[in-house]
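These protein sequences, in sequence, are chains A and B. Numbers in the numbering used here are just positions in the first sequence, counted from 1, shifted up by 1. Numbers in the numbering used here are just positions in the second sequence, counted from 1, shifted up by 5.
These are calculated hints, taken from the structure and not from any lab test. There may be inaccurate statements among the hints.
Straight-line distance between alpha carbons at most 30 Å, and here's what the computed DSSO-like set of lysine-lysine pairs gives [said to hold, decoys possible]:
#: 1; chain 1: B; residue 1: 99; chain 2: A; residue 2: 8
#: 2; chain 1: A; residue 1: 147; chain 2: B; residue 2: 331
#: 3; chain 1: B; residue 1: 104; chain 2: B; residue 2: 185
#: 4; chain 1: A; residue 1: 35; chain 2: B; residue 2: 64
#: 5; chain 1: A; residue 1: 14; chain 2: A; residue 2: 68
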Amino acid sequence: MTNDTIKLKLTDKFGDALTDWQEPYGMLTFTAPKELNLKVLQFLFDDTELKFQFLTDLQAVHYPHRKGEELAVVYHLHNLVDNVRIRLKVFADIQKPDVFSATALYRSANHMERETYDFFGVNFIGHPNLVRILNVDEMDYFPMRKQYPVEDQLRIDKDDEMFGR
Amino acid sequence: MSEHILLPEGSIEKQTTTLNLGPTHPATHGVFQNILELDGERILKSTSTIGYIHRAFEKIAERRPLYQITPLTDRLNYCSSPINNMGWHLTCEKLLGIKTPKRVDYLRVIIMELARIADHLICNSIVGVDTGAFTGFLYVMQYRELIYEIYEEICGSRLTTTIGRIGGFERNFTPAAFKKLEKFLKEYPLVLKEFENLFTRNRIFMDRTIGCGPIAAERALNYGFTGPNLRAAGVDYDVRVHTPYSSYEDFDFIIPVGTTGDCYDRFLVRNEEMWQSLSIIEQAYQKVQEFKGAEAEVYHADTPAYYLPEKKDVYTKMEALIYHFKIVMGETAIPEGEVYSAVEGANGELGFYLISDGGRTPYRLHFRRPCFIYYQAFEELVKGGMLSDAVITMSSLNLIAGEMDA
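Sequences and hints are given; from them, build the entire structure.
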């Protein structure tokens, strides 16, 4: 199974809905509209030839300059039989970052979606327990978004004589 | 005539017991919490809380040049940090398009397999400790010490190694390192054999672990299991074979698989993997010895823009000084790209997803930490079992808090 056959099968099924086909470092990468993410995942899972039944990784990326689609949720899928990996991206508006949850399809998505919510604030619809996982529950912002710098080097509120700040 | 007494929620007279296993419980072997709802000794429900040692590595990495991210990867699975380091170097090399010489690949394989042995050794002997056999743990500890001494000889540190650099190693392996490696290869098989004799057919151990915390193959795949835990369930997925990196295709080894995915299978798979790792190290060492003349001195790729030059060159050569300055100050631009690269970590597929926008630091870096993903299954694995089984299930899954929390 090559990237071309995967692309052909997906375009046969979904037509022009899937866009931005790329192959960085040999991995087929494409973008789906966020309403279709579950349908695409389900098709990739169920199709007898594609069999992308292993969710390797799920995370988000914040692109502040892309207005209206700031948050990208990235799925890495793996077909263990033919040993092919693909990458699926879904873009969401940061004002209303609602994406359908893949937990019904992949149990492994549970923690990964919680982590993505925790750091980027992507609201996974249908997730059984969408609460913070690594950060404290009281946190009221999503720290991996680009507007939060790691640490302001010029801050003066911290008196740290030991390390000379 | 007595009336029914309605007990308020959370009353001490309720029928079940709530037990906090963790965050700092000796049985968790790491900082994470399991809140267990017990009926007698049977577990009705388990809820896990993680994140106690979250250190925001992904955020920190967005502000650091590539070579400064290596120490962060050390602290993921700290029982086998060299594998994490190599995984990170390989990711960078994939992004930068650097091809490493064969000798470097083989040296890396030696280090990675040593790390795998060290990790499995801890995991298996801890399963022993949790089932009540302390001897094995103390006995094999001195051989982990030998492995650490080999690391020390190569990079100077033991636990959080930061071993190697982008493109190769910081220095060539010294004769002392090879001597220690030979000592290890000579002595360790006997010890491993004895360790196996203590456990594998031990009646108490078998009774204790067989059928404890089992998982079926399909379920394990759906839960995102990788590594020895998945192989114990019967799926022969190994990144070293499926997507060979660092010249793993040159080696001859088998992937052990189990059948039921219970604690005993996981133990056996790890044990067999140690034997395979030993064989890989022997093969790699043989291949390394076959290099003659100038080739036998190669320990890094020729990529001056990313490989930190030797210190004595920095003081005497113009070019080395320039590159040293540029690399240390983090002024080397990373080419634009998006790359996912995975290595077979000691407890599963350790992936690095790196996005660069052409700046000097990664735009986004994500670690695919195997134990973060398969820990979700713990609640299901222990449900309905005994409390003491939960403890050995936990240790045989090889949960490392540093990796879970990143």
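| message | Hints numbered earlier in the text: which of these fail when held up against the supplied structure? | response | none
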